[in-house]
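Student: Next come the chains, spelled out residue by residue.
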Amino acid sequence: MGRSRKLSPQSLAVLSMLANRPSDWLYGLELASLTGLKSGTLYPILIRLADRTLLESQWLEPREPGRPPRHAYRITGAGLKALQQASSTASRPAKEAFA
Amino acid sequence: MSAFTRALFRISRWIAGRNRAEWLDAMAAEAEAIKGDSTAWALGCLWAAAKDRFARDWWFGVAIILAPPLMFCWKGAVFFSTNSLMEEHRIAQWFAVALWILSPFPIACLFGQIRQGRSLYFALAGLFILVEFGPILLMWIDFGLSPIQFFSAGEVNWYKADPNVRIGPLVGITLDALVWLAGAWLGSFTRRRATRLSG
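Chains as they are written, first to last, in the numbering used here: chain R, -16 to 82; chain D, 57 to 255.
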């Protein structure tokens, strides 16, 4: 049921940022600065996207010693597909209007 | 991370529940990575934890929002109904005061039925502080009555009964806390018993 739910513009922004670097793992702070979203908006989105398997997450060892491991995120194949579908749906009314 | 930020993450962890523990660790790890003040980030995480929890367990939000007014209404109903009976000399003062002391018992018991473990006692402690000290705060704001006067050495009227029933603030708060704890424990115990019997 949740899988068919439409993605919000903020969720699409997060997916787009991840899709720009599909092979990279991005941290929460990086995503927050790239999308301009605050932690209170970003994390519910990340949780929802992970629940829908549109992104995957893993713990990465820190670059600086003495720091805790950090959670990083990467877009999945399903996430790329959902993003493509969302952008084609968004551009369809405009194309129809000009047809 | 400051002690305040750590406290915010502890509260967020409790609100989010065990299912989201990994996500809270992820948010806290990012707060550790922030070079400057991470309070704003932690406040956002608190908001995120609450939003996610309310979306998953609608009753959790309803319980948190409705519990304080429910408790106030219930305590008020017991107080005013028994107070009028007491003034008409239809019930003894000690009996009315005993009912006021025991009045939170069923609500605490109900809480014990719907929540278990540490989260029950955290929620109950929050509600207890609100119900016990909220009216004092309101009287300070509305009527300018200093909160100190409720805790002065000569104060023996915690339940606002006739001075014949002498109960000071320390004894009153302790009695109230014991009633709340007993109610929550009974609710929790009966639920565990029922689960064991049905399982």
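Quick caveat, the hints were computed from the structure, so don't treat them as lab data. Glycine is no exception: its CB is placed at the ideal position from the N, C-alpha and C atoms. Misleading hints may appear alongside valid ones.
To be verified - Far from chain R, by Cβ distances over 10 Å, these chain D residues were calculated: (1) R76; (2) I90; (3) H145; (4) R146; (5) L158; (6) F199; (7) S208.
To be verified - With a straight-line cut-off of 25 Å between C-alpha atoms, the simulated DSS-like cross-links for lysine-lysine are: (8) R:K21 <-> D:K131; (9) R:K(-11) <-> R:K64; (10) R:K(-11) <-> D:K91; (11) R:K(-11) <-> R:K21; (12) D:K107 <-> R:K(-11).
Student: Just checking, F199 of chain D versus chain R, shortest CB gap more than 10 Å?
Tutor: At about 37 Å from chain R, F199 of chain D clears the 10 Å cut-off, so the statement holds.
Student: Is the Cβ of R146 of chain D farther than 10 Å from every Cβ of chain R?
Tutor: Fine: 54 Å to the nearest Cβ keeps R146 of chain D off the interface.
Student: Keeping to a limit of 25 Å between CA atoms, is the pair of K(-11) of chain R and K64 of chain R held or broken?
Tutor: Given pair K(-11) of chain R, K64 of chain R holds - Cα atoms ~13 Å apart, limit 25 Å.
Student: Beyond 10 Å from every Cβ of chain R: is that where the Cβ of H145 of chain D lies?
Tutor: holds, 57 Å
Student: Verify the proposed pairing of K(-11) of chain R with K91 of chain D, using a straight-line Cα cut of 25 Å.
Tutor: The given pair, whose Cα atoms are some 36 Å apart, is violated under the 25 Å limit.
Student: Within 25 Å, alpha carbon to alpha carbon, are K(-11) of chain R and K21 of chain R?
Tutor: Judged against 25 Å, a Cα distance of about 21 Å means the pair holds.
Student: Should the label of L158 of chain D as a non-interface residue stand, given a Cβ cut-off of 10 Å to chain R?
Tutor: holds, 41 Å
Student: Would S208 of chain D pass as off the interface with chain R, using Cβ distances and a cut of 10 Å?
Tutor: Per Cβ check, S208 of chain D is outside 10 Å of chain R; nearest 43 Å; holds.
Student: Has the given pair, K107 of chain D with K(-11) of chain R, been kept, meaning a C-alpha gap of at most 25 Å?
Tutor: holds, 19 Å
Student: So is I90 of chain D really clear of chain R, every C-beta pair being over 10 Å apart?
Tutor: Non-interface label on I90 of chain D violated, nearest chain R Cβ at 7 Å vs cutoff 10 Å.
Student: Is the hinted pair K21 of chain R and K131 of chain D satisfied, with a Cα-Cα distance of at most 25 Å?
Tutor: violated, 41 Å
Student: Checking the smallest CB distance to chain R, is R76 of chain D really beyond 10 Å?
Tutor: violated, 7 Å
Checked against the numbered hints listed earlier, the structure breaks hints 1, 2, 8, 10; every other hint is satisfied.
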